[in-house]
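K.L.:
Listed here are the chains, written in short residue letters.
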Amino acid sequence: MDEPIVKYKDVHKSFGDIEVLKGIDLDIQPAEKVALIGPSGSGKTTIIRMLMTLEEPTMGVIDVGGRNLWQMEKKGEWVRADDSHLHSIRGDIGMVFQHFNLFPHMTILENCMLAPVLVKNESKKEVKATSVEMLEKVGLGDKIDLYPAQLSGGQKQRVAMARALMMRPKVMLFDEVTSALDPELVGEVLEVIRDLAKEGEMAMILVTHEMDFALDIADRVVFLNDGVIEEEGHPEDILVNPKSERLQDFLSRFTVNR
Amino acid sequence: MNWSWTVFFETIPLISKGLWITVGLTLACYLFAAIFGFFWVFMSRIPSKIVRSIFGWIAEFIRSTPPLVQLFFIFYAWPVIPVVGVSLNPFVAAILGLGIHFSTYMSEVYRSGIESVDKGQWEASTALNLSTRQKWTKIILPQAIPPTIPMLGNYLIIMFKEVPLASTIGVVAMLHIANDYGSQYYKFVEPLTVVALFFLLLSYPSAILISKLEKKYNRKFDKKAMTS
Numbered sequence: 005m006d007e008p009i010v011k012y013k014d015v016h017k018s019f020g021d022i023e024v025l026k027g028i029d030l031d032i033q034p035a036e037k038v039a040l041i042g043p044s045g046s047g048k049t050t051i052i053r054m055l056m057t058l059e060e061p062t063m064g065v066i067d068v069g070g071r072n073l074w075q076m077e078k079k080g081e082w083v084r085a086d087d088s089h090l091h092s093i094r095g096d097i098g099m100v101f102q103h104f105n106l107f108p109h110m111t112i113l114e115n116c117m118l119a120p121v122l123v124k125n126e127s128k129k130e131v132k133a134t135s136v137e138m139l140e141k142v143g144l145g146d147k148i149d150l151y152p153a154q155l156s157g158g159q160k161q162r163v164a165m166a167r168a169l170m171m172r173p174k175v176m177l178f179d180e181v182t183s184a185l186d187p188e189l190v191g192e193v194l195e196v197i198r199d200l201a202k203e204g205e206m207a208m209i210l211v212t213h214e215m216d217f218a219l220d221i222a223d224r225v226v227f228l229n230d231g232v233i234e235e236e237g238h239p240e241d242i243l244v245n246p247k248s249e250r251l252q253d254f255l256s257r258f259t260v261n262r
Numbered sequence: 140m141n142w143s144w145t146v147f148f149e150t151i152p153l154i155s156k157g158l159w160i161t162v163g164l165t166l167a168c169y170l171f172a173a174i175f176g177f178f179w180v181f182m183s184r185i186p187s188k189i190v191r192s193i194f195g196w197i198a199e200f201i202r203s204t205p206p207l208v209q210l211f212f213i214f215y216a217w218p219v220i221p222v223v224g225v226s227l228n229p230f231v232a233a234i235l236g237l238g239i240h241f242s243t244y245m246s247e248v249y250r251s252g253i254e255s256v257d258k259g260q261w262e263a264s265t266a267l268n269l270s271t272r273q274k275w276t277k278i279i280l281p282q283a284i285p286p287t288i289p290m291l292g293n294y295l296i297i298m299f300k301e302v303p304l305a306s307t308i309g310v311v312a313m314l315h316i317a318n319d320y321g322s323q324y325y326k327f328v329e330p331l332t333v334v335a336l337f338f339l340l341l342s343y344p345s346a347i348l349i350s351k352l353e354k355k356y357n358r359k360f361d362k363k364a365m366t367s
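For the record, the sequence lines run as chains C and G. Just so we're aligned, residue 5 is where the first sequence starts under my numbering, counting upward by one. Just so we're aligned, residue 140 is where the second sequence starts under my numbering, counting upward by one.
No lab work stands behind these hints, which were simulated from the structure alone. Small disclaimer: the values here were computed from a predicted structure and weren't measured. Careful: at least some of the hints might be erroneous.
Derived lysine-lysine pairs resembling BS3-like cross-links, with alpha carbons at most 25 Å apart [to be verified]:
1) Lys-351(G) x Lys-124(C)
2) Lys-277(G) x Lys-132(C)
3) Lys-26(C) x Lys-247(C)
4) Lys-326(G) x Lys-124(C)
5) Lys-11(C) x Lys-78(C)
Just chain C, with the same shape it has in the complex (with noise of 0.2 Å):
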């Protein structure tokens, strides 16, 4: 196996007196599809925000390709991390949100534009072509000069999958991607994500209320429970065969069809 992409260690995280994670050890290989289930406010969105330099740990530390996301060495002493460690790790994240957060002022294809042309410095003709390529791999080919208002909460989902692949990163989380879409719309958004799990090389986190959606796509399915993974593995054992009370009691809430 190899070395793994992303490591928690025995991370923790509080929002004033409120514990929302209670030690998370959680290894992520490269190219691994995991998928993160649990009742709402179990911690799983805190899981990936703290990836994603949204939010800083309390305690315990994440490293991301060997190096330590949220402390570096200065003078022997590992000291907090200021931006431009952040800056240097982050490129390796790249993150699709449960409101889509697209840039109201912008086209979709600026949108897809903006980022590699301003942080990764490429030329703006390579960025375009790339950009109307992805846009059409999610669909929106003939959408491209469109402001977000004028697109569906779905084909701006798929917008906002196309921006962050932009930039190539080596891991991406998946907010709950799904949950502000409307029933008939949360398909084609997951077909995307499917496409995307099956080119392979890019390991994801996925937080989801999609079950059957984690039974088929996840390589690894992990249940949070009041701050702490309660229970992991395959995910025919987790939530087909669940061992544990609590997951059981969550899962009966949905219902999976294998």
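Once you have looked at the hints, place chain G on chain C.
P.N.:
Frame of chain C, contents of chain G only:
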């Protein structure tokens, strides 16, 4: 009182010379206030709580004292303060005084615009690894400023009407000319009427223009800002 049309028409060209000073001073003050407004916004976002509250208090102090007092202070009091005292020409003093005073209002407008930008926009920019500078210039400000244009425009009109304060420290603009004419010939009504008409002539069309802009931006943003 006897109204003289001759005096009225005689003072129009005299006072219109001051009109350009008034307009120029308004624009200069406004530009200064618009740029310096960002300084307060910047200071209010500094991580250190002490620095933040010190600058918060300074801005509050400037906002709650009359601009006339500030003008007098900069023009008459500042030059006699040892070491830091500098004596300024009236025009520069007016730009500084009114500019700083209005910058504290402008910063509030900017702040309301910045706070209206969804938190998700910051998060998406972080996820795409944009630098702090790029987040501000490419993502946040382009969304924060356009909806505040009507408010910013209103301050331009208010500023235009406050600029005659500068005549108190000797800036020779419309009001000053009218006043001089009055004291010389003991005719105040006609020149001051001309001054009032000039102000009306400029601020009323500006107000209409701003309300048009407001409508235009409301339409545009309704369309674009729907959950994105």
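K.L.:
Now, for every hint given, state plainly whether the structure supports it.
P.N.:
Hint by hint, here is what the structure shows:
| no. | hint | verdict |
| --- | --- | --- |
| 1 | Lys-351(G) x Lys-124(C) | violated, 41 Å |
| 2 | Lys-277(G) x Lys-132(C) | holds, 18 Å |
| 3 | Lys-26(C) x Lys-247(C) | holds, 21 Å |
| 4 | Lys-326(G) x Lys-124(C) | violated, 70 Å |
| 5 | Lys-11(C) x Lys-78(C) | holds, 22 Å |
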